[in-house]
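**Student:** Using the sequences and the accompanying hints, generate a full structural model.
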Amino acid sequence: MQDFIQHLINGLNLGAIYALIALGYTMVYGVLELINFAHSEVYMVGAFASYYVARYANLDAKPGIVSFITCLVVSMFVCSILGLTIERLAYRPLRNAPKLNVLITAIGVSLFLQFAGQAVFGADPKVFPEVLQDSVLFEWGMIQLRLFDVVILLVAFISMAGLHFLIQHTKTGKAIRAVSQSTRTATLMGISVNRMISITFILGSSLAGIGSVLVGLKYPKIDPLMGMMIGMKAFVAAVLGGIGNLPGAVVGGLVMGVCEEMVVGYLSSTYRDALAFGLLILILLFKPSGLLGKARVEKV
Amino acid sequence: MRIALILPFLIATFATFGMNDYTQLIVLYIAINIILATSLNLVNGFCGQFSLGHAGFMALGGYTSAALSMHFHPFDGAFQFLNFLIYALAGGAVAGAAGWLVGLPSLRLKGDYLAIVTLGFGEIIRVLFLNTESLGGARGLFGIVGLHGIDLFGLQLSPFFMSCTIAYLWASFTFLFLWRWTHSSFGRAFLSVREDELAAECMGVNTTRTKVLAFVISSFFAGLAGSLYAHTTNYLSPASFQFTRSVDVVIMVVLGGMGSLTGSVIAAIIVTILPEALRPVQDLIGIDIRMVIYSLLLILLMILRPQGLLGGKEWSYFLDSSLKRTTDIWRRYVRRPS
Amino acid sequence: MSAVHHDALLKLENVSIQFGGLKVIENLNLQVNRGELLGLIGPNGAGKTTAFNLISGVYKPNSGQIFFAGDRISTMPTHEIAKKGVVRTFQNIRLFKELDVITNILVAMHAHCEYGLMNVLGKTKAFSRFEEDYREEALALLRVFDLEGFANDEAGGLPYGVQRKLEIVRALASHPTLLLLDEPAAGMNHSETAELMNLIQRIRKDYKLTVLLIEHDMKLVMGICERIVVLDHGTVIAEGEPKAIQCNPKVIEAYLGVEAT
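Chains as they are written, first to last, in our numbering: chain Y, 1 to 300; chain F, 1 to 338; chain E, 1 to 261.
Hints listed in this document are in silico derivations from the structure and should not be mistaken for laboratory results.
Here the structure is a predicted model, which is why all the values come from computation and not from measurement.
Among the hints, a few may not be true.
[To be verified] Pairs of lysine-lysine residues, derived as PhoX-like cross-links and limited to a Cα-Cα distance of at most 20 Å, are as follows:
1) Y:K99 x E:K97
2) E:K84 x Y:K294
3) E:K83 x E:K208
4) E:K60 x E:K11
5) Y:K221 x Y:K294
6) E:K84 x E:K11
7) F:K313 x E:K97
8) E:K83 x E:K60
9) E:K60 x E:K84
10) E:K208 x E:K11
11) F:K313 x Y:K287
12) E:K208 x E:K84
13) Y:K294 x F:K110
14) Y:K126 x Y:K221
15) E:K11 x E:K123
16) E:K60 x E:K23
17) Y:K174 x F:K313
18) Y:K218 x Y:K62
[Claimed, not checked] One-sided excerpt, in silico: chain F residues whose CB lies under 10 Å from chain Y:
19) K110
20) Y113
21) F121
22) L128
23) L169
24) L301
[What the hints assert, rightly or not] Label pairs and their calculated CB-CB ranges:
25) F:G143 x Y:P220: 38 to 48 Å
26) Y:Q168 x F:I273: 50 to 60 Å
27) Y:K294 x E:F67: 27 to 37 Å
28) Y:P125 x E:G122: 50 to 60 Å
29) Y:P125 x F:A239: 13 to 23 Å
30) F:M70 x Y:A57: 40 to 50 Å
31) F:M70 x E:D71: 36 to 46 Å
Ideal placement from N, C-alpha and C gives every residue a C-beta, glycine not left out.
**Tutor:** Here it is as structure tokens:
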């Protein structure tokens, strides 16, 4: 039982991070109907950005809230800029191209960033500086609740709450929702579709940035290929919850995280990655619209 | 057809005597990539479906073939190439069957979703083989049998010569098979599914059967390529079948032009040679930016020339049109009406 | 006047379909007699194209059945319905845009293709002969409609009127018994529409077709249809001969704004 609760805590943690990244995928899919393969690399760049800033500002010499928040801000900023650039240079020219072409371009951007990352940052992993010090907050038998766990859950929660507020209770959010329903109608309503898409990318990329710092905290080894696996899993989480559906991404992420922890804890860690794909295939075969998604009937 | 039979021997001869070990490997890879690219083109290019799991089928074919070769070799001596025929067909059959299993339920999914399912399939296969210790697991499977050299009427044919010939014979076979297929009513059915699936269905085309057929044929050949890969490099590891391998093949298809078999051949050659051709650049700058250039080219290709090198047409189209232009000129200026 | 007993080729019995909460077709009863030229009219949103989608198998009804030549087609897959002889055109032309004209025709003939895998691979004499025959058949069909000159042109690049004509000719290539035309005159001017009227009547006679036609152009409908069925809110509100329909108050009410001739 104690094991189970520990696994649950770990799973929720992992899930929260997956949720943050999944939100990025789902938002972009919502407005562009595009699977943004490059999202995982934006995440990676965020981690490296805050790594370099932390290193050069010697933030690990003074761990604490300020350093942590600095990393978050830097990561969010860099990720947003990168996300915007990708949208502007690679996706916007293909706005009216067949979906296949954009998909291939997205893969191209993802690969480009991976390899460029390896060339620029060096392929060997770096250690993310300790901008926050971990400690055990609460112990009950074998169960440990660590500071990092709480921080991750808290930051993730705040970010998601912030996003929710933005999407549901502001004019911009409403505009974004309009665009994801129908781009053409949104244009007719006077909404600047380009602007909304850009904002969507900023939001999604920022969340990825936050996620990357949280990951850097808990799993300090970062390398240019770190985005691939986690990106894939986060994407599966998004599909699991219903691609295009924001609460779905959160639910999907949490479910994914918990399931993965359970598989690793009770089955075998070698199948941890295969779980993601297994879940994906199951969901696509039985309920492609996802757990929270609605099946859309195509009108002929 | 006759060209298809003679060409492999010519290529093999040239390669054996004109090249060093390293280049010879490249020549083999070209043959394998031709099979991969043309077969993927069937699904992605002609049928308009997006499969990202070609590596998975290749892996299935390769491992099946290798496993079979470890336990079963009925022919000896000069006929040992028949063994490899059996291995290759077995690899292809298993991959084709997998294609059927995967294709049947997945092909009713929308474009992006199919891409993800096939991607997932490829990864699952890879992880499966990663965890199969009897086939080498993560370390890989060493010492897979390859074709031995033979003594043909006093002429010493090296192992490489044998491998190369067989590889290109298979490549020719693949190309011929796919060419004939796409130039038939079935090929037209593929195209119709790509163009407008609903309209095709309403015209009597069984779109599901058509898509699955494309998928099965394509996976068969991917498996065949996998078998070739196993027996010519004598080593298999799950690391050779990652997602990047599937992407490589997609790049070849897109570069050559979706819907152009000759384009895929040309692109396969270019893509295989390109990293090597860029080696001097790497030596110059000191860091490995070949893949960076590679992926950048892919992005530019999609933005600037998405129809690929040959624009979805076959080489014969260009020959025909230049032939036509020449005869027009002839008719107009040389054979003046009296 | 004694009732003439007609042979029902297509029969819809109590067909209903709904999307989400919207009942698009409700208890639709429709019969098309063999050899007839039936017009299906009604205001926008009445469910006419949905009816076509149901008949051709693109949608499956939530309740009710559809019979064609005695067979129940409401449970058959779309391509089988087409093979049985029910072929349609589309409101927004759905040609295979990037393929050339003759290939468009040849695709429609695929369902009746007589060779198999072995013939294709071996490039047997049978294969070559069949291909030649099919090509000849396709060209002959194009010739009948003065489209032979466009045979090698890309379908998507043709002028609008030609595309519409081609879509009908393509449908003919599948050897239909029942032809469903969805707003074939959309976007046409008076002379083009007159040409179309002649075309429809001609093909009905030459190919012994039964035609079911959706149209908004009343001149065309009243001009060539022998019988008219009026749909509104997914159900039949009137049916009969053109003159009767024109004066039917229910129809006028549903249609509001239709020119009376």
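**Student:** Could you check the structure against the hints above and give me the numbers of any it violates, in ascending order?
**Tutor:** Per hint list: 2, 5, 11, 15, 17, 23, 30 and 31 violated.
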